[in-house]
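Undergrad: Listed below, chain by chain, are the residues.
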Amino acid sequence: MNNILVFPMVLPIIAGVILLFFRSKPAIQRWGSILTMIAVFAISLWILFQVMDQTILRLNFGEWAPPFGITFVADAFAMLLVTSSSLVSILCLLYAAFAKDEKREKFFLYPFLLLLVAGVNGSFLTGDLFNLFVCFEVMLLASYVLMTLGGEKRQLTEGIKYILINILSSWFFLLGIAYLYGSLGTLNMAHLSQRIAEAGQPPLLTTISILFLVVFSLKAGLVLYFWLPGSYSALPTAVSALFAALLTKVGVYALFRVFTLLFYHEPSITHTIIGLMAIITMAGGSIGAIAYTDLRKIAAYNVIIAIGFILVGLAANNEAAIQGSIYYLMHDILVKGLLFLIIGTVIYVTGKTKLDQASGLITSYPLLGWLFLITTLSLGGIPPFSGFAGKLLIGQGALEAGEYVIVAAAFLSSLFVLYSLLRIFLNMFWGETSISQKNRVILPKGMIAPCLILALLTVGLGLGMGVVSPFVAEAAHVLMNPEIYIEGALKDE
Amino acid sequence: METMIILLAGVLVSVATYLLLSKNMIRVVLGTAILSHAVHLLLMTMGGLKIGSVPILGDTVETYTDALPQALILTAIVISFAVTAFFLVLVYRTYQTTGTDNLLEMKGTEEDE
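Chains as they are written, first to last, in our numbering: chain X, 210 to 702; chain H, -1 to 111.
Bear in mind the hints are in silico, worked out from the structure with no lab data behind them. Since the model is a prediction, treat every value here as computed from it, not as a measurement. Mixed in with the good hints there might be a few duds.
Claimed, not checked - Lysine-lysine pairs mimicking BS3-like chemistry, simulated, CA-CA at most 30 Å apart: (1) H:LYS21 x X:LYS561; (2) H:LYS21 x X:LYS362; (3) X:LYS362 x H:LYS105; (4) X:LYS370 x X:LYS312; (5) X:LYS654 x X:LYS312; (6) X:LYS370 x H:LYS21; (7) H:LYS105 x X:LYS563; (8) H:LYS105 x X:LYS370; (9) X:LYS312 x H:LYS105.
Claimed, not checked - The following label-pair restraints were derived from C-beta to C-beta distances: (10) H:ILE54 x X:LEU420: 31 to 41 Å; (11) H:TYR93 x X:GLN566: 27 to 37 Å; (12) H:ARG25 x X:GLN259: 49 to 59 Å; (13) X:TRP255 x H:SER51: 44 to 54 Å; (14) H:ILE75 x X:PRO412: 25 to 35 Å.
Backbone N, C-alpha and C define an ideal beta-carbon position, used for all residues, glycine too.
Given only the sequences and the hints, what does the whole structure look like? Please build it.
TA: Right, here's the structure in full:
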């Protein structure tokens, strides 16, 4: 049996529970959680290589054969996301450990961060729709706590909205599950896929699929992103980086899984709607990104644009475009973490949140300035960095599919990304320095180190495309051929 | 029987919608609790109500009631309980900090600060 599959979810939970008992020892909390995530990263890397050999790994909980029991199913797509999200969590935890926010650390910051990661990894790995709901809730409950931890007025009021919108979307999720169970009598995803294929996806099932589209769009911030900028900008840096890197991506993962494995028979309805939603998302995100001068708002709207961009690949629905989306998803997990960490660091050293309130930072903090430029170029999709490969492949795939309008919108949105971030760079890093030498806040090396590592990773992912591409090709291949997943997830051993 | 339960779920949804749209935070919390109960009822009804006997293998029994929806509901109830508990505490804390339970007075983002 592949018992190792459960570790990316269970290790953080166990570690989180153990850390609850070390409330007064911040050092144990910090390093314990980082070590846990390093272990999770190593394990998920190992599983990824296993998956490359065997295509699909499966774990039946309690030896209940599918489709009766709950299963964890690992394919290359899920494992790539688990690996990159574990990696980015290590670095966010490292940042938190050096930021030393003792007020929050005392109130179980690290256990909840670990529980959040557990929920995220569980959502990637599960092969059962109801289990997906449960993992979502694990992740969301942890995120509710992290959202409001610290008890600042802004966090509380934004937290209420965030929780309310998520309760509502969980409700829709359960509704969708109820309808699906009522009409198909199973919730195992591979089994569902089989039965939907047998039924040929009649209009009733297409309607249910739209319900799931609404649910996951709310989580991912596709069109229904109105909750996102406010809540993300109320958070402390390390937490906001982790939220930006992971939470919306889980929604995107679920959209990909549901619309490539289950509801792929009526692309003229579902995938057209997804394409339209992607355009609206990119347009709205672009407007937001250039409308605000608040750094955290600009960063949050950049998250939204990226979601729209990734979904272009799903709308085009061919192998090149899906490959591009997977590249871009991994790139986005890393680089959005980086963006939020750098923005948080800038706010930490200047004490200002708007881009016209400081200037000339690059003279005092040269490394930070160059890292920000790398982030900007990477997000804009400039060649040596990691954003390029994804954008290229998505564009190529969408052109093959004949989606010219979507391609135009997607690349226009890249220009807005570049403009919104260059505006920060030119205003805050260039120009006369606004900080005198004696007022200079010393930037701890530990806070800049995670940013540096992430920046190196985005350069590495860009230059090392050849290393990653077999994994991505395999992931896209499995996504585009549901029968491989079904075979792996249902066959008896 | 199924029709009755579905109607009941519909009534609960309309009550919950009414509560969710009010300005008072406690009403909103109650609205979310009732909303989740409505969907639990729906889940249970989707599996068919009492179409056979208990799902334990026996000699005389021919049809069994589907036990899966009950397991799903049990999980969903626990989750909604946890969320409601957390939400209530949060609402109380927010009331203490902001001094109001009116949602319309919580629009604030940094623009108004």
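Undergrad: Please go over all the hints and tell whether each is borne out by the structure.
TA: Hint check:
1. A threshold of 30 Å between alpha carbons decides the hint, and for LYS21 (chain H) with LYS561 (chain X) the separation of about 34 Å lies outside it, so the pair is violated.
2. At most 30 Å may separate the alpha-carbon atoms for a hinted pair to count; LYS21 (chain H) and LYS362 (chain X) meet this at roughly 18 Å.
3. Simply put, LYS362 (chain X) and LYS105 (chain H) have alpha-carbon atoms about 12 Å apart, close enough for the 30 Å limit, and the pair holds.
4. Note on LYS370 (chain X) and LYS312 (chain X): the hinted pairing holds, with a Cα-Cα distance of about 24 Å set against a maximum of 30 Å.
5. Between LYS654 (chain X) and LYS312 (chain X) the alpha-carbon distance is near 21 Å, which keeps this suggested pair within the 30 Å criterion.
6. The hinted pair formed by LYS370 (chain X) and LYS21 (chain H) meets the criterion: a straight-line CA distance of about 13 Å does not exceed 30 Å.
7. Taken as a hint, the LYS105 (chain H) and LYS563 (chain X) pair is honoured in the structure, with Cα atoms around 20 Å apart against an allowance of 30 Å.
8. Taking the CA atoms of LYS105 (chain H) and LYS370 (chain X), the gap is near 10 Å; set against the 30 Å cutoff, the hint holds.
9. Annotation: proposed proximity of LYS312 (chain X) to LYS105 (chain H) holds, straight-line Cα distance about 26 Å (limit 30 Å).
10. At roughly 34 Å, the beta carbons of ILE54 (chain H) and LEU420 (chain X) sit within the given window of 31 to 41 Å.
11. A C-beta distance of roughly 33 Å is found between TYR93 (chain H) and GLN566 (chain X), which places it inside the suggested range of 27 to 37 Å.
12. Checked against the hint of 49 to 59 Å, the pair ARG25 (chain H) and GLN259 (chain X) passes, with Cβ atoms roughly 52 Å apart.
13. For the hinted restraint 44 to 54 Å between TRP255 (chain X) and SER51 (chain H), the CB-CB distance of approximately 47 Å keeps it satisfied.
14. The supplied range of 25 to 35 Å is met by ILE75 (chain H) and PRO412 (chain X), whose beta-carbon atoms lie about 32 Å from each other.
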